[in-house]
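J.: As a plain string of letters, each chain reads:
Number of protein chains: 2
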Amino acid sequence: MGKSKRNARKDAKDIFLEAIKAAFPETALNKILRLSKTNLKIKDLNLNLSSFENIYVIGAGKAVCPLARGLEKILGHLITSGVVITKYGHSSGLKRIKVIEAGHPIPDENGINGAREILKLAQEATKDDLVLCLLTGGASALTPAPPEGITLSEKQRITKLLVNSGATIQEINAVRKHLSLFKGGNLLKAAYPARVVTLIISDVVGDDISSIASGPTAPDPSTYSDCIDILKKYNLTKNTPASVIKRLELGTAGLIEETPKPGNKIFKNSQNIIIANNSSALSAAKSKAKSLGYNTIILSSAIIGSTKEAAIFFSSVLKEIRASGNPVKAPACVLMGGETTLEVKGKGLGGRNQEFALWAGLEIAGRMGIKILSAGTDGTDGPTDAAGALADSNILKKAKAKNLDPRAFLQDNDSYHFFESIGSLLKTGPTGTNVMDIAVGIVE
Amino acid sequence: MGKSKRNARKDAKDIFLEAIKAAFPETALNKILRLSKTNLKIKDLNLNLSSFENIYVIGAGKAVCPLARGLEKILGHLITSGVVITKYGHSSGLKRIKVIEAGHPIPDENGINGAREILKLAQEATKDDLVLCLLTGGASALTPAPPEGITLSEKQRITKLLVNSGATIQEINAVRKHLSLFKGGNLLKAAYPARVVTLIISDVVGDDISSIASGPTAPDPSTYSDCIDILKKYNLTKNTPASVIKRLELGTAGLIEETPKPGNKIFKNSQNIIIANNSSALSAAKSKAKSLGYNTIILSSAIIGSTKEAAIFFSSVLKEIRASGNPVKAPACVLMGGETTLEVKGKGLGGRNQEFALWAGLEIAGRMGIKILSAGTDGTDGPTDAAGALADSNILKKAKAKNLDPRAFLQDNDSYHFFESIGSLLKTGPTGTNVMDIAVGIVE
Chain A
1277 MGKSKRNARK DAKDIFLEAI KAAFPETALN KILRLSKTNL KIKDLNLNLS
1327 SFENIYVIGA GKAVCPLARG LEKILGHLIT SGVVITKYGH SSGLKRIKVI
1377 EAGHPIPDEN GINGAREILK LAQEATKDDL VLCLLTGGAS ALTPAPPEGI
1427 TLSEKQRITK LLVNSGATIQ EINAVRKHLS LFKGGNLLKA AYPARVVTLI
1477 ISDVVGDDIS SIASGPTAPD PSTYSDCIDI LKKYNLTKNT PASVIKRLEL
1527 GTAGLIEETP KPGNKIFKNS QNIIIANNSS ALSAAKSKAK SLGYNTIILS
1577 SAIIGSTKEA AIFFSSVLKE IRASGNPVKA PACVLMGGET TLEVKGKGLG
1627 GRNQEFALWA GLEIAGRMGI KILSAGTDGT DGPTDAAGAL ADSNILKKAK
1677 AKNLDPRAFL QDNDSYHFFE SIGSLLKTGP TGTNVMDIAV GIVE
Chain B
1277 MGKSKRNARK DAKDIFLEAI KAAFPETALN KILRLSKTNL KIKDLNLNLS
1327 SFENIYVIGA GKAVCPLARG LEKILGHLIT SGVVITKYGH SSGLKRIKVI
1377 EAGHPIPDEN GINGAREILK LAQEATKDDL VLCLLTGGAS ALTPAPPEGI
1427 TLSEKQRITK LLVNSGATIQ EINAVRKHLS LFKGGNLLKA AYPARVVTLI
1477 ISDVVGDDIS SIASGPTAPD PSTYSDCIDI LKKYNLTKNT PASVIKRLEL
1527 GTAGLIEETP KPGNKIFKNS QNIIIANNSS ALSAAKSKAK SLGYNTIILS
1577 SAIIGSTKEA AIFFSSVLKE IRASGNPVKA PACVLMGGET TLEVKGKGLG
1627 GRNQEFALWA GLEIAGRMGI KILSAGTDGT DGPTDAAGAL ADSNILKKAK
1677 AKNLDPRAFL QDNDSYHFFE SIGSLLKTGP TGTNVMDIAV GIVE
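Chains as they are written, first to last, in our numbering: chain A, 1277 to 1720; chain B, 1277 to 1720.
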């Protein structure tokens, strides 16, 4: 390249912003939905809207309002009515769709009432109606629907027990679904035989539709009997509320209906369609990076595991580019996404992405022209006002100039204050969408 | 590709074997050294052999004998004489170069005598002589050279204290170099003003020549004073042998000569040349994979960090290829190398590579047509007779058929017996070289 005029820090930010933009509900909708006359095309699906008597819109999530607004713009008066639930402070004016605000991440009565209202609308829909269901991150907590005899706090108690016991997310979800009238396919069952199409902005690694929002319109392979086995496996039967045990036992005995299983006829006439996810955001980032002249690859949109270790691995790829031109030659951009797990032991302020950037920074310190940005697409990394942070190979020099010991900040999980001091926080404000985290690595 | 006739398991093995082959001392030498008449070309270096009165060969390492043999084949009678040290049982017949066998990984008296003999030969070399120094994995332990007044066991004691204290490898090496007449550039100093060219098979992540064999022919930026600071930092001064403290204090006072520092004139006329490393092995593997029809990338030759977490990250790249065709389209081969760190808590049998394969196997279980091989290029993974293991997406089925619980094997660090049971160990026997570990991922 010779002497380059590129501004890699700015490029990294622009590439990340392009990723977020692609995940904006309206952008995603406009890319995926095409209405010509009365034909609505959603990816490979063609819906003849004139064949439906009513079109209802239901849904939940922190980003459900902009998604519903986008849909109103496309379908306009074709929408009969609708109800969506969002987090307090996240509603925005919709014309034909009612918005209910409720508690998140802790569910509350408003959520219960909202879920009931959505279930009621679903039940009223007939075989001649189309139900468009919108799901975005946060939908699960926003739609609590404990069955009769089980209180919300009892449900929260068993969930907490499971989380603390080391149960897998699949196991936790199995129990949750069997304590809900909304999740595990139950919303779809309520709407049957109406035609249901669910549009999803995925904030789940791997985009498993039975995990997103605990799969209200997806089949649930787990059973009441499985749930009892899970409680036994983690020695939780003693501490589980009696009402919960009772329901699981009645269910096992066949006295309460199961969640709808894969192959159930109700799924034949329904679709779950992902309209935006980490992968689509990365694709947009890749196009941007290529347009800026970087040889660009996407490593993965499903990175999980330890934040620190993922940072070390990601950095080793960037170092390899510098050293050998593998896997791509510089100027290079390496993209990845997903959601790592940060073990917090210190008392500092930070988040997965800021800590990722700090670990990665230490790995690339002293190498020439390497930059790493890591940020949450929702614009909020941990309990901070930053989306993430940007580290480069001069990180130790910058730290020294401010008399900071980066390892001490890591020890205290205080990445926010480290990056604040060296002026390398990335702040976008809440973005109104969430497709997990994205890391952008640049080798000039 | 349509219906493929490929045998991905065999391909993965063949690709790995090609990587090892490239790291064989003789293969590497023959690729890098060119003798035409009296001109010896080593990479960019041209040596006019007729300008030297003597050519001496010295060196150490587990693979030094095949390396010396290769050199004898190329240079023949041009070699005046030489001395190399290798591990017990690793010697092979050399014509002009003497072989001494010594203790590894625990140094012994034979090593001390061998190191002395090499230092003596180096000292005898004059400015008209060429000294070719051969270093391969294990050279450090094979060349103990404690200075007068310090015993081998005292040196081992302080090394052990440092290792257990959590000191970094750089810190440990700084102390080691200051307690050695051989390391930290001291061998080169002994040979000065002879012309010295060091040929290295690197088993160190990043190929830092001052780390490989503790850098006998490389500059040492660390000082006696640094060593005292390191002992203080880890509260080791009390337990450090008095003889060691004494030397470090005398050195700090300027009463013992320092190790040669960067910029010292003795380095002007010497070269350290890496003839084989993880990166060159991966390049050979890449060529092989491409010839087998795989879209192939090298992620990195410098993977470090936790074995489990590296396996999770590597797997997520393979899953992404299956899901989206990023970073390359199937049929794909993803290569990486380095040396991860395995924390052993169980009592089972296994090694880094076998455990990597088992963690990775769980990650890719149930995905279609993904295979992962991880193996040590020395053919010996941990204390086992296997080089590594091969996992594929059917791993859970195979485990079930044998009634095995893979997670229980992981819990007990017993990956060897797991893969033995399902017939997926990779055994090559000792390969006679070592450029760390390599992982081959295939997505059909």
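Please note that the accuracy of each hint is not assured.
Same chains, same label: a pair holds when it works inside one copy or across any pair of copies.
[As the list claims (entries may be wrong)] Distance condition first, Cα-Cα at most 27 Å in a straight line; then the derived BS3-like pairs of lysine-lysine:
(1) K1676 - K1537
(2) K1436 - K1403
(3) K1544 - K1403
(4) K1286 - K1621
(5) K1673 - K1508
(6) K1522 - K1623
(7) K1317 - K1522
(8) K1514 - K1541
(9) K1509 - K1678
(10) K1436 - K1676
(11) K1289 - K1673
Calculated from the structure, these hints are not laboratory results.
J.: State for each hint whether it applies.
T.: For each hint, the structure was consulted:
no.: 1; hint: K1676 - K1537; in the structure: between (59 Å within a copy, 24 Å between copies)
no.: 2; hint: K1436 - K1403; in the structure: neither (39 Å within a copy, 76 Å between copies)
no.: 3; hint: K1544 - K1403; in the structure: within (13 Å within a copy, 86 Å between copies)
no.: 4; hint: K1286 - K1621; in the structure: neither (33 Å within a copy, 45 Å between copies)
no.: 5; hint: K1673 - K1508; in the structure: between (54 Å within a copy, 25 Å between copies)
no.: 6; hint: K1522 - K1623; in the structure: neither (41 Å within a copy, 42 Å between copies)
no.: 7; hint: K1317 - K1522; in the structure: neither (46 Å within a copy, 82 Å between copies)
no.: 8; hint: K1514 - K1541; in the structure: neither (38 Å within a copy, 76 Å between copies)
no.: 9; hint: K1509 - K1678; in the structure: between (51 Å within a copy, 23 Å between copies)
no.: 10; hint: K1436 - K1676; in the structure: neither (43 Å within a copy, 32 Å between copies)
no.: 11; hint: K1289 - K1673; in the structure: within (22 Å within a copy, 45 Å between copies)
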